[in-house]
Amino acid sequence: MVHIVPQVDQLLDAGVTGCGDLLLLIAQHMKLLAAGKVLHVIGYDRGAAQDIPAWCRMTGNTLCYQDVPQNPKQLSHFYIQKGL
Amino acid sequence: MAKLLVNLTSGKDNIDKATVGFVVANAGIASGQETAIFLSIEAVLLAQQGLADDIHAAGFKPLKELIDTFIAGGGMVWVCPPCANIRAVTEDTLISGAVFAGGAKVVEFLSQGAGSVSY
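Quick mapping for you: the protein sequence lines, in order, are chains A and B.
In this text, residue positions in the first sequence follow our numbering: the first is 1, and each later residue adds one.
In this text, residue positions in the second sequence follow our numbering: the first is 1, and each later residue adds one.
Because the hints were derived from the structure by calculation, they are not lab data.
Just so you know, these numbers come straight off a predicted model, no measurement behind them.
Be aware that one or more of the hints could be misleading.
Quick list of in silico lysine to aspartate or glutamate cross-link-like pairs, EDC-like style, CA-CA up to 20 Å [claimed, not checked]:
1) Lys-73(A) with Glu-91(B)
2) Lys-73(A) with Asp-92(B)
3) Lys-37(A) with Asp-13(A)
4) Lys-61(B) with Asp-16(B)
5) Lys-64(B) with Asp-53(B)
For each label pair, taking beta carbons as the anchor points, the in silico distance ranges come out as [as the list claims (entries may be wrong)]:
6) Gln-112(B) with Gln-7(A): 38 to 44 Å
7) Ile-86(B) with Gly-60(A): 31 to 37 Å
8) Met-58(A) with Ala-88(B): 26 to 32 Å
9) Gln-112(B) with Asp-67(A): 26 to 32 Å
10) Asn-71(A) with Ser-96(B): 17 to 23 Å
11) Lys-61(B) with Pro-69(A): 36 to 42 Å
12) Ala-2(B) with Lys-31(A): 33 to 39 Å
13) Leu-11(A) with Lys-61(B): 46 to 52 Å
14) Asp-13(A) with His-56(B): 43 to 49 Å
15) Asp-54(B) with Gln-28(A): 43 to 49 Å
16) Ala-27(A) with Ile-86(B): 22 to 28 Å
C-beta atoms are modelled at their ideal positions from N, C-alpha and C, and glycine is treated no differently.
So that you can see chain A by itself, here it is in the shape it has in the complex:
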């Protein structure tokens, strides 16, 4: 994993969306991006730290960077680069 925040091509504010709904939202946004472009996902889902890396492994996309605060009331950030 690259530990620098990449340049962002699109922002997705997922709010409190979680679990399967969050994955659908991410998938819909990723479809619109070209290969190599980066989607920045922000949200409150407490399972995202487990789910988004798993989703990236399954779909051939790259999780470039993530910032998941200990405090669940703070937003988490994920930077996903679309695979080739």
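Following the hints, put chain B in place on chain A, whose structure we already have.
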């Protein structure tokens, strides 16, 4: 190592299902399987400290003992985040060893060849 996913949806609303779910999960651990139990719907409350302490279904060990054995044996406890949200289950009240994880973790585990059983 082969994988086993136990999908558990019941908690105090059906202590037999809740108990048997962890009994089978422990059978997975005892059989050398990489084992995860996914707690959703009412079962998320089992991951809250103290909630399972007084559950003892006839014919089985107390649920807390089954949960402790499962986690000590390397079992993974995944708690559905939206189900937890609406039942006010929070990080600071989760039992040690349980983590919030949702659909993608479950799907990935299954896609890696995990067998599954649901209660």
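Exercise. Has the hinted range 26 to 32 Å been met by the Cβ atoms of Met-58(A) and Ala-88(B)?
Worked result: holds, 31 Å
Problem set entry | Consistency of beta-carbon spacing, Gln-7(A) to Gln-112(B), with hint 38 to 44 Å | violated, 33 Å
For this session: Could you grab the alpha-carbon distance between Lys-37(A) and Asp-13(A) and see if it respects the 20 Å cut-off?
Result: holds, 17 Å
Exercise. Should the hint that Asn-71(A) and Ser-96(B) are 17 to 23 Å apart at their CB atoms be regarded as holding?
Worked result: Given about 19 Å between the Cβ atoms, the range holds.
For this session: Indicate whether the distance between the beta carbons of Asp-54(B) and Gln-28(A) respects the range 43 to 49 Å.
Result: holds, 44 Å
Exercise. Is the Cα-Cα distance between Lys-61(B) and Asp-16(B) 20 Å or less?
Worked result: Answer holds: Lys-61(B) to Asp-16(B) is near 11 Å, not above 20 Å.
For this session: Please work out if Lys-73(A) and Asp-92(B) have their alpha carbons no farther apart than 20 Å.
Result: holds, 12 Å
For this session: Mind checking the alpha carbons of Lys-73(A) and Glu-91(B) for me, to see if they're no more than 20 Å apart?
Result: Cα-Cα ~11 Å, so holds.
Exercise. Falls inside 43 to 49 Å, the C-beta gap from Asp-13(A) to His-56(B)?
Worked result: holds, 46 Å
For this session: With 33 to 39 Å as the target window, see if Ala-2(B) and Lys-31(A) comply at their CB atoms.
Result: holds, 34 Å
Problem set entry | Proposed proximity, Asp-53(B) with Lys-64(B) (alpha carbon, max 20 Å) | holds, 5 Å
Exercise. Is 36 to 42 Å a correct range for the gap between the Cβ atoms of Lys-61(B) and Pro-69(A)?
Worked result: Because 38 Å falls inside the window, the suggested range holds.
The structure fails hint 6 only (numbered hints given earlier).
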